[in-house]
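Colleague: Read off the chains here:
Number of protein chains: 2
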Amino acid sequence: MSLENNKNLRLMANAIRFLSADAIEKSKSGHPGMPLGMADVATVLFSKFIKINPSAPKWFDRDRFVLSAGHGSMLMYSLLYLLGYKDIDIEDIKNFRQLGAKTAGHPEYGHLAGIDMTTGPLGQGISSAVGMALAERMLNAKFGDKLCNHYTYVINGDGCLMEGISEEAISLAGHLRLNKLIVLWDNNNITIDGTVDKANSTDQIKRFQAVGWNTIEIDGHNFEEIEKAILKAQKSDKPTLIACKTTIGFGAPTKCGTSKCHGSPLGAEEIEAMRKNLGWTSAPFEIPADVLSAWRTAGKRNEQAYEKWSKEAKAAGKEFDDIINNRLPKNWDKELLALEEKCIAEKTKVATRKASQMCLEKIVPAIPQIVGGSADLAASNLTFVEGLKTITKDDYHGNNVMYGIREHAMGAMMNGMALHGGVLPYGGTFFVFSDYLRPAQRLAALMGLRVIYVLTHDSIGVGEDGPTHQPIEHLASYRAMPNINVFRPCDVVETAEAWRLAIENEHTPSILALSRQGLPMLRTSAKENLTAKGGYIISPCKGKRQATLIATGSEVSLAVEAQATLKEEGINVAVVSMPCTELFDAQPISYQEEVLGSSPRIAIEAASKFGWEKYVGLNGDIIGMDGFGASGPAEELYKYFGITKEEIIDSVKNCLGK
Amino acid sequence: MSLENNKNLRLMANAIRFLSADAIEKSKSGHPGMPLGMADVATVLFSKFIKINPSAPKWFDRDRFVLSAGHGSMLMYSLLYLLGYKDIDIEDIKNFRQLGAKTAGHPEYGHLAGIDMTTGPLGQGISSAVGMALAERMLNAKFGDKLCNHYTYVINGDGCLMEGISEEAISLAGHLRLNKLIVLWDNNNITIDGTVDKANSTDQIKRFQAVGWNTIEIDGHNFEEIEKAILKAQKSDKPTLIACKTTIGFGAPTKCGTSKCHGSPLGAEEIEAMRKNLGWTSAPFEIPADVLSAWRTAGKRNEQAYEKWSKEAKAAGKEFDDIINNRLPKNWDKELLALEEKCIAEKTKVATRKASQMCLEKIVPAIPQIVGGSADLAASNLTFVEGLKTITKDDYHGNNVMYGIREHAMGAMMNGMALHGGVLPYGGTFFVFSDYLRPAQRLAALMGLRVIYVLTHDSIGVGEDGPTHQPIEHLASYRAMPNINVFRPCDVVETAEAWRLAIENEHTPSILALSRQGLPMLRTSAKENLTAKGGYIISPCKGKRQATLIATGSEVSLAVEAQATLKEEGINVAVVSMPCTELFDAQPISYQEEVLGSSPRIAIEAASKFGWEKYVGLNGDIIGMDGFGASGPAEELYKYFGITKEEIIDSVKNCLGK
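Keeping their order, the protein sequence lines are chains Y and D.
Sequential numbering of the first sequence, starting at 1, is according to our numbering.
Sequential numbering of the second sequence, starting at 1, is according to our numbering.
No lab work stands behind these hints: they were computed from the structure.
Keep in mind that the hints are not guaranteed to be accurate.
One copy or two, either will do: identical chains are not told apart, so a pair holds if it fits within one copy or between any two.
[To be verified] Calculated pairs, DSBU-like style, for lysine-lysine (alpha carbon to alpha carbon, straight line, at most 30 Å):
id	residue 1	residue 2
1	235	389
2	354	389
3	238	206
4	142	658
5	354	58
6	658	614
7	235	645
8	235	314
9	639	614
10	393	206
Use the sequences and the hints to build the structure in full.
Modeller: Set out below in structure tokens:
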């Protein structure tokens, strides 16, 4: 590499630095430290290596890039602008962090072309990148090098490495030998509260080696070292960590190297001094023509590669096109519908986790994008079926991931797979342990990803394992979260309906909360997907309705039993099954009122009562849990906690003043 | 060690094996694999090393023991019975996993003497043990070897090591050189879904070394190796991992070494064969007299040490006794009350996170047990005050922990500290990142621990950082969780009141959800702790009440502003501040009705609306968030999302049909 070349790279990097510093200064908010510190690394990566085409931001075979240290968002926006993405112009840069701007505080997937993932919550980016890299290898195994063969690059800081999720993800990446994953660690020894050594003394190199990674250590301001390291990483047979020793806030004369430049604007004076220090004479938001031109030229590097790929993709035909565009095969749910009919005819009584497995036996062969898995509970979650093949480091031609006891990484990796495209992931654990993956679920909801969580053992019905294993507050806690559908089906038909909705809902993650214990068939027809309405009368009232029982999952059959006994006593009630409150809330008010009726309403759910007033009002009743569960046989627990037919009957009579 | 000795140890270990296998068989539920596999290690640890006194289970200077692999609960129950704990007899063993039994499915703190922590959710035990070991060193620094000088032992399996939280915890344990922490890893190469190598190929020895641990590898069925390893670990200047190579289900002839014996009863036939295999002739639940006697003798090993400590403790006087019994100094909140009065007089307008810091300036000097900290956000959470001193590996004489970017470990370590006793921990992060520590919070609630979470940046008021950093569903999600108080104070007085309640509530964890932005002083008197009632009329209605505005935190002042404008228009409304719904729900119905009134009710909270129907009913209104937040200045966001004085006024008029 010539000195001349180095000088150009330095100018290109400084363009990132000043765009970042000036935008953050103008918005009076943001994090300059990382964009300034990693500008040199990013310049080499984006001008010499990364396979992207700013004119085709969604190019399927592009390299993926995840800014895991999402607070350094101005690095990303600077790069996208400099490379010539049409979705961003200098006005967007000037509008950094303003309401409605594409240049949001943290990079947001879907708001701006070229952002491969929403980041900000630390550890999520690097972990989702493992999912992207896995999806890439799986599709490569399926379609070959010409159609799918790209790298996944990550830039992250110490924060991502200290978060536990990163250990889960890197250990699985090492185990699966995802050698096209390259992580560039901004090793600047600074976190918000000071130097890293105040809170951490991990030997990161040794740590990554312990989980099967290739490691390289470089000076992150030396262009030659950066280039050599990436070249070496590309040829590794393992995932690679490049530890880039950098100075946070590089170029800012008094604040660089300290936490002062991490999360606040540098200030006019410091930026002025930085201009002198780096010899940058351009006004804010002005990039010298030759520097901009160098960047724009770099942005066009892969145009030929893109054209070549486009031809290959066209030649590959409809199947490939459908898969990479996440289109489902026509009538994919035909067998599922047949299953519903069959189970109605046979009055199949099974746990809904088992019902889910029966559904998967039909879904897996029907949808080529499906990728299953579980966090070491496949035999309990019943997520594994014939037709699934587990992926190993030696053979990526499969569609099942053994995530190990890594719920959080599973959640993040499913996000990464869905973001990558060409795969449709589902993953299982116990419902109570959804707490472990909640930060990843929230990002799935925020990004609007089609990921499906198979969360079994959904109540005190867990039985003997006791309160640590019995979800109580989980249903309510997800109902409070925006843009996630929580399904709690009551029988095989509702389970199948929930699966159909989860798979067809392209922009909303779904939770299937499934029972451990057997549940009777309640549905008598599968002609209409009634779960799609969220709630419906599953057992109508004979005679004038005096009360309405609203139940979900395993409690619907209890309500139906109570209804029969009440009928014998001359009390007419209707039973509403409410498998998905989110979808019910989306129905017209008139439908909701018709279903819920105007007589007293009683909700029954073996979970926290919190939130049910929304449907039963202040004059209804809620039969549920007031505290944590207990250890004992499931049937005894239901009695102990008063979630029984008798309690329902008493409640109705009480509401009716009888 | 003589062969005779080995034979005795084997018999003692087999007593654990048969108690475990038979109890699990009888209850038709449980996990025999681990108790059988780790019986030899546990026998050496409990008969030769561990400093406990079955007659004084709460002995403050006892060694702590955490069965991090909580599913192996029969190991614990067997040990406690064999050692002679009076709280457990053979009937309890026979009642394993039955409703109401002390021998719950997983070990439950507080249900049975000798259980130092509730475990089951993987990774929590080993991480809380780090908190215990830290508390021990802190109190040792304060009181010296004679009063506090003990080990913390952990038994865990592969599950705990694969969970990300374990990396957070072990890296901090290594950083702080907690050399009295000894982890015994049941290295049996089996998880639920099969052999470990299907999902993991981590070099655990190298991994622990990378975070500064001492490591030892042994045959977990060789008594001499076990003994030597523990002796060596006790002398280490670092925390120690002892990797115990074991056979899961040791002794079960056909199922040992496979996942078949992990989580199901062995079956009568297998147990029969195991009796032959190990030469065990006793009937189920019968322990040969000499074996029981050997165990009971082992249980008495530390009686003299206990007597000696008791004398020292008595001599140490009241301060020591108060601290280890978690008693607060008399009038500890005197300065806090004075602060409230002062701020009322000065009409102090500050963010509630700042108010919290002002409170901490009074609390820290007043309570010797207090231990502060933050997950690398001290400067934002405002958790650090004068009088705090950060603990380092070279000096444990402090009361502040720099947790690093390890929210989950912080949560678990706070649990461990509270369980250890003698310390009262609080810890901070952004409210949105409470998701990362939720599994630990749930255990705190289940165990009823006094831990305090300082969760700042509590709404869209976060502003420019955008939706990844703005909590929406978090308030509701914690209100749904049993036994945790969520405080969202509106000014300095409520913040101080919340702190007082959090500190005085010995058996309930507390969340303080605090604003980033400044909030005016609304309270005019601090004579009564009104926050203790959960909700109260903060600004009464002048004239006949036509509507009630119910708000929390930063929205209370909005409601008060709306009230004033409505008054000008001749509409009389009352404003209720509701800083803690849990405490409000605990008030008499008559009080609740008086506060909420019978006229239309409108709730205002910059968060998910979910759950507010509980107070406003079906005819009220809720002004809140329907989806995720956005990036932009906070004031603009409030306008954009319609959480404004004007919206409140419109809502009142609408409810009144005007």
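Colleague: Each hint needs a verdict: does it hold in this structure or not?
Modeller: Okay, the hints, checked on the actual structure:
1. In this assembly of identical chains, the alpha carbons of residue 235 and residue 389 lie at most 30 Å apart only when taken from the same copy (28 Å versus 48 Å across copies).
2. Taking CA atoms no more than 30 Å apart as the test, residue 354 paired with residue 389 passes inside one copy only; the shortest distance there is 20 Å, against 55 Å between copies.
3. Both within a single protomer and between protomers do residue 238 and residue 206 lie at most 30 Å apart by alpha-carbon distance, with minima of 15 Å and 18 Å respectively.
4. In this assembly of identical chains, the alpha carbons of residue 142 and residue 658 never lie at most 30 Å apart, being 66 Å within a copy and 65 Å across copies at closest.
5. Taking the shortest alpha-carbon separations for residue 354 and residue 58, neither the intra-copy value of 38 Å nor the inter-copy value of 45 Å comes in at or below 30 Å.
6. Within a single copy, residue 658 and residue 614 get their C-alpha atoms as close as 25 Å, and across copies as close as 25 Å, so both meet the 30 Å cut-off.
7. Taking identical chains as interchangeable, the C-alpha atoms of residue 235 and residue 645 are never at most 30 Å apart, the minima being 65 Å within one chain and 61 Å between chains.
8. For a Cα distance limit of 30 Å, the shortest separation of residue 235 from residue 314 inside one copy, 29 Å, qualifies, whereas the shortest one across copies, 68 Å, does not.
9. For a Cα distance limit of 30 Å, the shortest separation of residue 639 from residue 614 qualifies both inside one copy, at 26 Å, and across copies, at 26 Å.
10. In the homo-oligomer, the alpha carbons of residue 393 and residue 206 lie at most 30 Å apart both inside one protomer (21 Å) and across protomers (21 Å), since each shortest distance falls under that limit.
Hints 4, 5, 7 from the list above are not met by this structure, while the remaining hints are.
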